[in-house]
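J.: Letter by letter, the chains look like this.
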Amino acid sequence: MLDKARAILACVRSGQHYAAGRPINYPRRILETLRDYKRFRRSHPDLKIQYGALVAKQIGIPIEGPSGRFNFQVNDTPENMKAFDVALEMLAIGEAPSARVDLNAQKLLLQPSSYTGAITTRASVAKSMKRSKTTQIRIIEELIKIARGIIHD
Amino acid sequence: MTKRGSSDDLNLKLRARRLLWSMGYYCPLEVDLTHYDYPDTKLKRWSLTDIDVLGIKFENDLSFKTIIVDCKGGDESSPNRIFWLRGVMDFFGADEGYFIKKQIHEHGRSIAPRLRIRTIDSRGLEKLEQQLSLDKIKLDLMDEKKFLENRSLWGIVVPKNGKPTPDQLKVKKVYQYLQYLYWFIEEYRNIQNIIDRFQLVANILTPLEKRDKYLVYVGFIRFSLSLLKTANVVVSKNILEVPEQVKQYVFGGPFFLREREHFIEMLNKISEKKIGLEPAYFNDLLEIINRLVKYSQFAKHVPRYLEAVMLEHFLGSKTSLQEIFGNDYSVDSIVLSKQIGELFLKATGLNNTFLSELMSL
Numbered sequence: 001m002l003d004k005a006r007a008i009l010a011c012v013r014s015g016q017h018y019a020a021g022r023p024i025n026y027p028r029r030i031l032e033t034l035r036d037y038k039r040f041r042r043s044h045p046d047l048k049i050q051y052g053a054l055v056a057k058q059i060g061i062p063i064e065g066p067s068g069r070f071n072f073q074v075n076d077t078p079e080n081m082k083a084f085d086v087a088l089e090m091l092a093i094g095e096a097p098s099a100r101v102d103l104n105a106q107k108l109l110l111q112p113s114s115y116t117g118a119i120t121t122r123a124s125v126a127k128s129m130k131r132s133k134t135t136q137i138r139i140i141e142e143l144i145k146i147a148r149g150i151i152h153d
Numbered sequence: 001m002t003k004r005g006s007s008d009d010l011n012l013k014l015r016a017r018r019l020l021w022s023m024g025y026y027c028p029l030e031v032d033l034t035h036y037d038y039p040d041t042k043l044k045r046w047s048l049t050d051i052d053v054l055g056i057k058f059e060n061d062l063s064f065k066t067i068i069v070d071c072k073g074g075d076e077s078s079p080n081r082i083f084w085l086r087g088v089m090d091f092f093g094a095d096e097g098y099f100i101k102k103q104i105h106e107h108g109r110s111i112a113p114r115l116r117i118r119t120i121d122s123r124g125l126e127k128l129e130q131q132l133s134l135d136k137i138k139l140d141l142m143d144e145k146k147f148l149e150n151r152s153l154w155g156i157v158v159p160k161n162g163k164p165t166p167d168q169l170k171v172k173k174v175y176q177y178l179q180y181l182y183w184f185i186e187e188y189r190n191i192q193n194i195i196d197r198f199q200l201v202a203n204i205l206t207p208l209e210k211r212d213k214y215l216v217y218v219g220f221i222r223f224s225l226s227l228l229k230t231a232n233v234v235v236s237k238n239i240l241e242v243p244e245q246v247k248q249y250v251f252g253g254p255f256f257l258r259e260r261e262h263f264i265e266m267l268n269k270i271s272e273k274k275i276g277l278e279p280a281y282f283n284d285l286l287e288i289i290n291r292l293v294k295y296s297q298f299a300k301h302v303p304r305y306l307e308a309v310m311l312e313h314f315l316g317s318k319t320s321l322q323e324i325f326g327n328d329y330s331v332d333s334i335v336l337s338k339q340i341g342e343l344f345l346k347a348t349g350l351n352n353t354f355l356s357e358l359m360s361l
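Read top to bottom, the protein sequences are chains P and R. 1 is the number of the first residue of the first sequence in my numbering; add one for each residue after it. 1 is the number of the first residue of the second sequence in my numbering; add one for each residue after it.
Keep in mind the hints are simulated off the structure, nothing from the lab. It should be emphasised that the depicted structure is a prediction, and the values quoted were computed from it without experimental measurement. Glycine included, every Cβ here is placed at the ideal spot set by N, Cα and C. Mixed in with the good hints there might be a few duds.
To be verified - Here are the computed lysine to aspartate or glutamate pairs in the DMTMM-like style, where the Cα-Cα straight-line distance is at most 20 Å:
1. Lys133(P) <-> Glu64(P)
2. Lys65(R) <-> Asp37(R)
3. Lys145(P) <-> Glu96(R)
4. Lys269(R) <-> Glu142(P)
5. Lys145(R) <-> Asp9(R)
6. Lys145(P) <-> Asp196(R)
7. Lys273(R) <-> Glu142(P)
8. Lys163(R) <-> Glu64(P)
9. Lys44(R) <-> Glu79(P)
10. Lys274(R) <-> Glu142(P)
11. Lys145(P) <-> Glu272(R)
As the list claims (entries may be wrong) - Cβ-Cβ distance ranges computed for the label pairs, FRET-style:
12. Gly162(R) <-> Asp76(P): 12 to 20 Å
13. Gly68(P) <-> Glu357(R): 23 to 31 Å
14. Gly276(R) <-> Tyr26(P): 47 to 55 Å
15. Phe263(R) <-> Asp76(P): 28 to 36 Å
16. Asp76(P) <-> Glu259(R): 14 to 22 Å
17. Gly65(P) <-> Lys146(R): 39 to 47 Å
Produce the complete structure using the sequences and hints provided.
T.: The following block contains the structure:
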């Protein structure tokens, strides 16, 4: 869960600090939009690269729209919704560090590979993240279906 | 979806269905034939044509015969269409074809027998209908308005300029399976795949919704058809080894079965929870196929009984099955139908009242 939340936040942060065009000014609103509406209101050319890291975590997939623009479709699962809630919590802690003093959380969030790290570290973060129990069970269930001959079209 | 043809065609289709029904066939109408390809990273479906009337009839040993009927009200050249029908029969694996057209040229009639096709024109059809007393059939198979109403119940309904909801997209996959994939993929895969598709939408479908109920009945009848085809394989290979034969068949034959078991063995090495190849309902499946094999002379009627129950319900008619089937009426066939229904509802997790008309018999 925490892994997913960190990855989500890292993607939003990269748009905040490293956007090719207009940077993100309201990261909270971005997270709330994705959590509540499961996709952005408008497509954007950067979204595929910016949120591509979330595909491997099964949080969602970029969807190609007109003129090379992309949207991002969130997989509406309880686990993903919880991850967005946690990411919003993390954002709140980052915005007002004195408001919620949680030493363990701060230690975790301030690691070099945490969401505050540079964008170049994101690939290694993604590799080192372990899949949640729920995700593992889901993958095993899908593999069993394949073994039994269930069609995935 | 393939274009469905004129109202003349529809009248011929309904008459052809009634003819085949009178001869003991289970007769789905307008069966779509499609082909799938994998050109890029997505499966692509190509519509080929549709079979106007399909007839499937099981015998006492559960062997079965398949007939394809092509109904034409227009002026297309008979020989061309007859050769086309032969191609469709080969593609589908049908045993015999019926070519029904208002008028059939003599040279069309003369080539048809060599291609295992019967030719029937309007006058010939009328004669057959009289000889076989088809007007005395109690099940109303000729109501065009009701047929069109039922046809309109098929598919999800999306408002104009709207988008399907996530739930509708899930249900759409069930429609797509039953309409296209069911007739295209290897038959042995149908039992598990039908169950799987309905499991995924069991909490979305509601028996109070006529459209959902129709979908469940169609899926259930297809499921029963696949069970009978499985039972036929058991009888034809080794009637004394039902569990072994069912397992081999349902998993695609001995080599596929071995591969699948090996896959599960490997999976068990990395999974904490031990898993088996067979789905949870597999023992119930064995049990019902065992009964279909044991009582094959009654089992052969099951798809027709289910079709009659469904049509009666959606026609709003009160004709009893005793009246519809007359001398062929059998309590044993009803019992088997209900047992298949219990398995279907239990395995899919669908609400028990979906098949209430059948279960209350």
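J.: Would you mind marking each hint as holding or not holding in the structure?
T.: Going through the hints against the structure:
no.: 1; hint: Lys133(P) <-> Glu64(P); verdict: 30 Å, violated
no.: 2; hint: Lys65(R) <-> Asp37(R); verdict: 29 Å, violated
no.: 3; hint: Lys145(P) <-> Glu96(R); verdict: 36 Å, violated
no.: 4; hint: Lys269(R) <-> Glu142(P); verdict: 16 Å, holds
no.: 5; hint: Lys145(R) <-> Asp9(R); verdict: 14 Å, holds
no.: 6; hint: Lys145(P) <-> Asp196(R); verdict: 9 Å, holds
no.: 7; hint: Lys273(R) <-> Glu142(P); verdict: 14 Å, holds
no.: 8; hint: Lys163(R) <-> Glu64(P); verdict: 17 Å, holds
no.: 9; hint: Lys44(R) <-> Glu79(P); verdict: 32 Å, violated
no.: 10; hint: Lys274(R) <-> Glu142(P); verdict: 15 Å, holds
no.: 11; hint: Lys145(P) <-> Glu272(R); verdict: 17 Å, holds
no.: 12; hint: Gly162(R) <-> Asp76(P): 12 to 20 Å; verdict: 19 Å, holds
no.: 13; hint: Gly68(P) <-> Glu357(R): 23 to 31 Å; verdict: 54 Å, violated
no.: 14; hint: Gly276(R) <-> Tyr26(P): 47 to 55 Å; verdict: 51 Å, holds
no.: 15; hint: Phe263(R) <-> Asp76(P): 28 to 36 Å; verdict: 30 Å, holds
no.: 16; hint: Asp76(P) <-> Glu259(R): 14 to 22 Å; verdict: 35 Å, violated
no.: 17; hint: Gly65(P) <-> Lys146(R): 39 to 47 Å; verdict: 43 Å, holds
Violated hints for the displayed structure, listed by number in ascending order: 1, 2, 3, 9, 13, 16.
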